[in-house]
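Taken in sequence, the protein lines are chains A and B. The first sequence begins at 259 in the working numbering and counts up by one. The second sequence begins at 259 in the working numbering and counts up by one.
Because the hints were derived from the structure by calculation, they are not lab data. One thing to keep in mind: the hints can contain errors.
As the list claims (entries may be wrong) - Straight-line distance between alpha carbons at most 25 Å, and here's what the computed SDA-like set of lysine to any residue pairs gives:
hint	chain 1	residue 1	chain 2	residue 2
1	B	LYS449	A	LYS492
2	A	LYS477	B	LYS449
3	B	LYS477	A	ARG309
4	A	LYS492	B	HIS334
There are 2 protein chains.
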Amino acid sequence: MAPQTACFIVIGNEILSGRTQDANTVVLAHALNCQGIKLEETRTIPDIRERIISTLNECRTRFDFIFTSGGIGPTHDDITSSSIADALGLPLTCHEETFTLLEKCFEPGSFNKARQRMAWFPQGAEPIKSDISVAPGFSIKNIYVMAGVPSIFHSMVNWLVPRLPKGKPLQSLSWYGFNVYESSIAEPLTKLQEEYPTLDLGSYPFEKGEKKGVALVAKGYDAQSVQEAGKRIKLILQNIKATPFEGDP
Amino acid sequence: MAPQTACFIVIGNEILSGRTQDANTVVLAHALNCQGIKLEETRTIPDIRERIISTLNECRTRFDFIFTSGGIGPTHDDITSSSIADALGLPLTCHEETFTLLEKCFEPGSFNKARQRMAWFPQGAEPIKSDISVAPGFSIKNIYVMAGVPSIFHSMVNWLVPRLPKGKPLQSLSWYGFNVYESSIAEPLTKLQEEYPTLDLGSYPFEKGEKKGVALVAKGYDAQSVQEAGKRIKLILQNIKATPFEGDP
Numbered sequence: 259m260a261p262q263t264a265c266f267i268v269i270g271n272e273i274l275s276g277r278t279q280d281a282n283t284v285v286l287a288h289a290l291n292c293q294g295i296k297l298e299e300t301r302t303i304p305d306i307r308e309r310i311i312s313t314l315n316e317c318r319t320r321f322d323f324i325f326t327s328g329g330i331g332p333t334h335d336d337i338t339s340s341s342i343a344d345a346l347g348l349p350l351t352c353h354e355e356t357f358t359l360l361e362k363c364f365e366p367g368s369f370n371k372a373r374q375r376m377a378w379f380p381q382g383a384e385p386i387k388s389d390i391s392v393a394p395g396f397s398i399k400n401i402y403v404m405a406g407v408p409s410i411f412h413s414m415v416n417w418l419v420p421r422l423p424k425g426k427p428l429q430s431l432s433w434y435g436f437n438v439y440e441s442s443i444a445e446p447l448t449k450l451q452e453e454y455p456t457l458d459l460g461s462y463p464f465e466k467g468e469k470k471g472v473a474l475v476a477k478g479y480d481a482q483s484v485q486e487a488g489k490r491i492k493l494i495l496q497n498i499k500a501t502p503f504e505g506d507p
Numbered sequence: 259m260a261p262q263t264a265c266f267i268v269i270g271n272e273i274l275s276g277r278t279q280d281a282n283t284v285v286l287a288h289a290l291n292c293q294g295i296k297l298e299e300t301r302t303i304p305d306i307r308e309r310i311i312s313t314l315n316e317c318r319t320r321f322d323f324i325f326t327s328g329g330i331g332p333t334h335d336d337i338t339s340s341s342i343a344d345a346l347g348l349p350l351t352c353h354e355e356t357f358t359l360l361e362k363c364f365e366p367g368s369f370n371k372a373r374q375r376m377a378w379f380p381q382g383a384e385p386i387k388s389d390i391s392v393a394p395g396f397s398i399k400n401i402y403v404m405a406g407v408p409s410i411f412h413s414m415v416n417w418l419v420p421r422l423p424k425g426k427p428l429q430s431l432s433w434y435g436f437n438v439y440e441s442s443i444a445e446p447l448t449k450l451q452e453e454y455p456t457l458d459l460g461s462y463p464f465e466k467g468e469k470k471g472v473a474l475v476a477k478g479y480d481a482q483s484v485q486e487a488g489k490r491i492k493l494i495l496q497n498i499k500a501t502p503f504e505g506d507p
């Protein structure tokens with residue numbers, strides 16, 4: 259059975275301007291791997307209504323799950339919720355439970371309009387909770403909308419992903435060879451890939467300070483094939499007199 | 259004059275699996291800002307021929323420049339060059355100058371087929387050089403193809419971007435307020451955005467260890483407006499009794 263697929267849409271000018279380095283993709287990818295959902299694409303787009311709508315409508319029928327981050331705070335540039343409502347042709351409505359929770363957090367009189375905006379979701383949305391912020395994300399149809407701030411995003415992912423339908427988790431095995439060039443192992447690796455067409459065999463040059471080399475990775479949803487291919491990868495490195503090293507160098 | 263636009267396509271299973279955190283977007287974004295080119299979108303897609311072709315063909319008419327990273331090495335999963343040739347309907351041909359340069363780097367007899375692949379580009383492509391690797395990237399039409407390894411990518415960006423047509427550089431000014439909530443400054447910031455519709459005013463919560471707060475950023479291509487809006491942002495923070503702090507906290 260093919261795994262369920264996901265697309266992650268990062269909504270944020272601050273990523274596109276280079277101000278902020280995205281740290282959320284790694285967090286989401288790991289959580290989805292464990293849940294047996296395959297992250298197949300990510301996109302980063304600006305906080306522009308038309309771009310959010312068109313991207314969402316392009317992606318939501320192509321993938322089983324759409325995750326978004328960013329643009330659900332209280333300021334003028336936080337337009338994710340209303341854009342998603344527009345994309346789906348749904349009205350934006352006040353989520354009473356969230357409104358009440360938020361209201362309790364603020365001193366009387368300071369629960370202003372900007373703060374109230376965080377309780378408005380597309381009609382029918384369910385909140386996505388976190389340990390860190392009272393203001394939730396939300397899910398509507400196959401779209402899961404989360405905060406951009408990494409600690410809140412992380413907490414929302416931890417709450418949400420285990421609640422999604424579980425597939426076979428992705429298995430992965432890596433062997434590292436120091437001072438190995440990709441071009442030295444290209445040929446036997448190609449042959450191995452042909453023998454295991456359902457696996458994804460990758461070769462990734464790495465550099466960590468002085469340490470350089472290549473990481474050879476076998477990934478797939480069939481644990482036995484991954485184990486077998488892993489042993490063969492170790493042999494490939496040994497055959498060129500490299501010392502295979504398991505785990506992150 | 260509207261700035262020229264760019265899309266960055268990251269080709270790499272290792273990013274989608276969460277194995278590797280993308281470090282290249284920040285590098286490209288900064289270089290493009292200086293050159294007056296606006297990074298409008300990024301996508302991360304797997305090393306799958308059909309996905310590379312469809313993504314490229316979707317994007318290359320929408321944006322002035324397409325940059326890619328990843329998949330130009332010597333192994334079986336390095337299929338970027340041939341996929342781009344397919345997308346453009348061009349044959350893959352041997353780039354003689356690159357072939358000769360690469361051949362010189364290897365001991366006689368060890369310039370194998372895998373290594374030779376790195377000299378094959380879509381017909382008519384020009385090499386993109388770097389200080390670090392003899393194997394170049396290449397440009398063809400409005401597509402600029404670079405390596406995924408961060409040090410090589412960085413070096414290729416340094417070589418390439420200053421050679422692109424220069425627009426007005428992006429101006430940016432940030433003020434940081436510690437222990438400030440976005441919802442406290444949402445209202446005056448909205449008003450300021452209405453006064454400066456050509457600028458992009460953003461509000462970004464930050465957390466660095468114990469330090470938390472909000473960064474208020476004014477960005478645009480008109481230096482004077484950015485300066486003016488910057489002064490007003492400082493006032494917004496002072497009006498809520500925060501001490502505005504310029505530059506990264």
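Here's how the hints hold up against the structure:
1. B:LYS449 / A:LYS492: violated (62 Å)
2. A:LYS477 / B:LYS449: Distance of about 51 Å is beyond 25 Å: violated.
3. B:LYS477 / A:ARG309: holds (19 Å)
4. A:LYS492 / B:HIS334: Distance ~18 Å between LYS492 (chain A) and HIS334 (chain B) Cα, so the pair holds.
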